[in-house]
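For the protein sequence lines, the chains are A and B, in the order given.
Each residue of the first sequence is one higher than the last, beginning at 1 in this note's numbering.
Each residue of the second sequence is one higher than the last, beginning at 1001 in this note's numbering.
Think of the hints as simulated: they come from the structure by calculation, not from any bench.
It is possible that some hints are incorrect.
Said to hold, decoys possible - What follows is a list of derived Cβ distance ranges for each label pair:
1) Ala1040(B) to Leu27(A): 29 to 35 Å
2) Arg1081(B) to Leu88(A): 31 to 37 Å
3) Leu45(A) to Val1005(B): 24 to 30 Å
4) Phe17(A) to Ala1040(B): 44 to 50 Å
What the hints assert, rightly or not - Under the rule of at most 20 Å between Cα atoms (straight-line distance), these lysine to any residue pairs were calculated in the SDA-like manner:
5) Lys1019(B) to Ser25(A)
6) Lys1095(B) to Tyr1050(B)
7) Lys1019(B) to Phe108(A)
8) Lys1019(B) to Cys107(A)
9) Lys121(A) to Thr84(A)
10) Lys1019(B) to Trp49(A)
11) Lys1145(B) to Leu101(A)
12) Lys1095(B) to Thr1055(B)
13) Lys1019(B) to Phe71(A)
14) Lys1019(B) to Met50(A)
15) Lys1117(B) to Lys1145(B)
16) Lys1019(B) to Leu27(A)
17) Lys1019(B) to Val31(A)
18) Lys1019(B) to Ile57(A)
19) Lys1019(B) to Phe67(A)
20) Lys121(A) to Met85(A)
21) Lys1068(B) to Leu1080(B)
22) Lys1019(B) to Leu97(A)
23) Lys142(A) to Ile53(A)
Quick reminder that beta carbons are idealized off the backbone N, C-alpha and C, glycines included.
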Amino acid sequence: MKNLLSNPQLVLVSRVFIGLLFIVSSLDKIVDPSAFARAVVNYGLLPSWMPAIIATILPWVELLCGFAVLFGVLLRGSSLLLSTMLALFTLAVISALLRGLDISCGCFTQDPAAGHIGWMKVVQNTTLFVLTLFLYFSDTTKFSIIEYLQKSETA
Amino acid sequence: MLLLVAAALGFIYTAATEKGMFAHLPPVPPSQTGGLLAPAMISRDQAQAYYESGTAVFVDARHEFDFKLGHIRRAINIPLRMYETKKSILDAIPKNRLLIAYCDGAECNSSIELSVKLAKDGYTDVKIFFGGWSEWTASNLPTDKTP
């Protein structure tokens, strides 16, 4: 396990995958925060004043964390934020499924006609959650902006 | 730190682009209301909040046929063209009760015209849910069918 956490290539691939994924998924939410707020409302878990605030802030958290993970800046903090968000998203999806709700996820597109939530979404989110935890515990800064800055300081 | 920056960017961006919680609902031109000032418009979030609080009566301005196919749960139907014959449905409702008029959505103006008629008839708290039936169903909010 220690070897995996220190494997620079594996960490780089995970960083690029998670980083790009969250950058892409944030864009539709930033462009149409009202549609994202409606998707949040559909889960029926929050008081009515909260979805608008979540729709204003959360897409930008995803975007910034996506860039941070991609470039290896503030990697631990951003991957911890992403794993916390993924854990909450997964719990929300499970709760909606258990209540028999047939709603769109609001994950990557805000089109209400897009695919609805299902247990596959739970598996998908759990996989992403494990990947973000992997990044949190990884202990290599290779191929990151941090490594680049350290090299240029010592040069 | 990331959270604070994200929150700041989020609020600045949505305020600057007037999206999301900072969106302005379109004003109603007097040409659509017979020169009268139309009641205020409310967003889907506000309509949902009123619905959940149970304080409002939703008034469906669409044709009876469309109403039977589906409508906002607990809504009453007063098709705009049948206003004079159907408005007796409202007799049991106090004049100060909140009434929310709606129709199909952004493509129709029946809700605006109905709200003006309701206001003229003495209802003091009338609002328009301009997103209407299309926004309500797109958000999977509670609906009913009339057999």
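Next on the checklist: I'd like to know which numbered hints this structure contradicts. Please list them from smallest to largest.
Outcome noted: Numbers 2, 13, 15, 19, 22, 23 - these are the hints that the structure violates, sorted from lowest upward.
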